[in-house]
Amino acid sequence: MIPSVMNLKIHSGERFNLRIWLPLFIVWPFALVLLFLLLPFLVVAEIVLRLANARIYLFSILGCVFSLVSAMRGLTVKVNNARQNSIVDVTIL
Amino acid sequence: MGEERKRILKMLADGKISASEAEDLLDALGKSSGAQTPETAAVQAKTPKNVKYMYVKVLSAQQDNVDVRVPLGLIRAGMRFTALIPPQAMEHINGAMKEKGMNFDLSNIKPEDIDELIKNLVEMEVNVNSKNGDIVKVFCGE
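As given, the protein sequences belong to chains A and B, one line each in that order. Note that the numbering used here gives residue 1110 to position 4 of the first sequence, counting from 1, and the numbers run on in steps of one. Note that the numbering used here gives residue 622 to position 128 of the second sequence, counting from 1, and the numbers run on in steps of one.
For reference, chain A alone in the conformation it holds in the complex (with noise of 0.2 Å):
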């Protein structure tokens, strides 16, 4: 399942303070929209490169990152610097 949501805050000390909530759920639909209207110039560039036995095959690339991408969910990553009071915490939903 691909993820929706994706939290970032940035913190370093008093200085910069940053929230980010980004709704992927909203990105999806816009990228599948982008990728049908790309759709006939990723076939020539496929047909050219399988031509030009170049081995770079655009359709299995972009079949490895959707997955990748939906592998994504449930990832979380904080790091928490106490000298510098910062934290980082990325989490995708």
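None of these hints come from the bench; they were simulated from the model. All of these numbers come straight from a predicted model, not from anything done at the bench. Glycine included, each C-beta is placed from N, C-alpha and C at the ideal position. Heads up, some of the hints might be wrong.
Distance condition first, Cα-Cα at most 25 Å in a straight line; then the derived DSS-like pairs of lysine-lysine [said to hold, decoys possible]: (1) B:631 to A:1184; (2) B:546 to A:1184; (3) B:551 to B:625; (4) B:546 to B:631; (5) B:546 to B:604; (6) B:604 to B:594; (7) B:592 to B:604; (8) A:1115 to A:1184; (9) A:1184 to B:551; (10) A:1115 to B:551; (11) B:546 to B:613; (12) B:613 to B:551; (13) B:625 to B:613; (14) B:631 to A:1115; (15) B:631 to B:551.
Residues from chain B that face chain A, not an exhaustive set, calculated with beta carbons under 8 Å [to be verified]: (16) 557; (17) 561; (18) 563; (19) 567.
Not close to chain B: a few residues of chain A, all C-beta gaps over 10 Å, as computed [to be verified]: (20) 1125; (21) 1126; (22) 1129; (23) 1141; (24) 1151.
Got chain A sorted already, so can you dock chain B onto it with the hints?
The following block gives chain B in isolation, referenced to the frame of chain A:
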């Protein structure tokens, strides 16, 4: 409760067998019926199906902490990317790894190897305790 278990308890209640004999009989019954001891239950509880994440925790003595939770599916998907590396680049990677003492061919990694790797990764646990109080833990869990 099974019939055999009831019968053993009845024999104990009737005074036909002693408590230790009843215990031995119940143990034997448990083993024959494949009942789980706490140890086997704990091992079986951590099956690849239940385990979804790999955790990396770094706790430094200076209170600088890193806490990472990586879905195992992400590791699997990342490993599958190796199949897309062009052969020319693969040669460079293999050469660089050989220089560092890691003599294996990345192109030999097959999807079933990745599944086997993830399956075995579930049982892996790394605990590092340094002299200055830094702790590094890598383990898999739910």
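Results of checking the hints against the structure:
1. B:631 to A:1184: Holds: residue 631 of chain B and residue 1184 of chain A sit about 15 Å apart, inside 25 Å.
2. B:546 to A:1184: holds (18 Å)
3. B:551 to B:625: Judged against 25 Å, a Cα distance of about 17 Å means the pair holds.
4. B:546 to B:631: holds (17 Å)
5. B:546 to B:604: holds (21 Å)
6. B:604 to B:594: Judged against 25 Å, a Cα distance of about 23 Å means the pair holds.
7. B:592 to B:604: Judged against 25 Å, a Cα distance of about 20 Å means the pair holds.
8. A:1115 to A:1184: holds (9 Å)
9. A:1184 to B:551: With Cα atoms ~9 Å apart, residue 1184 of chain A and residue 551 of chain B stay inside 25 Å; holds.
10. A:1115 to B:551: Roughly 19 Å between the alpha carbons, so the hint for residue 1115 of chain A and residue 551 of chain B holds.
11. B:546 to B:613: Cα-Cα ~11 Å, so holds.
12. B:613 to B:551: holds (21 Å)
13. B:625 to B:613: Cα-Cα ~32 Å, so violated.
14. B:631 to A:1115: holds (24 Å)
15. B:631 to B:551: Judged against 25 Å, a Cα distance of about 5 Å means the pair holds.
16. 557: holds (4 Å)
17. 561: holds (4 Å)
18. 563: Constraint on residue 563 of chain B satisfied, holds at 4 Å.
19. 567: holds (4 Å)
20. 1125: Holds, since 18 Å exceeds 10 Å.
21. 1126: Consistent with the label, residue 1126 of chain A stays out of reach of chain B, its closest Cβ about 19 Å off (over 10 Å).
22. 1129: holds (20 Å)
23. 1141: Holds, because the least Cβ-Cβ distance between residue 1141 of chain A and chain B comes to about 18 Å, which exceeds 10 Å.
24. 1151: holds (15 Å)
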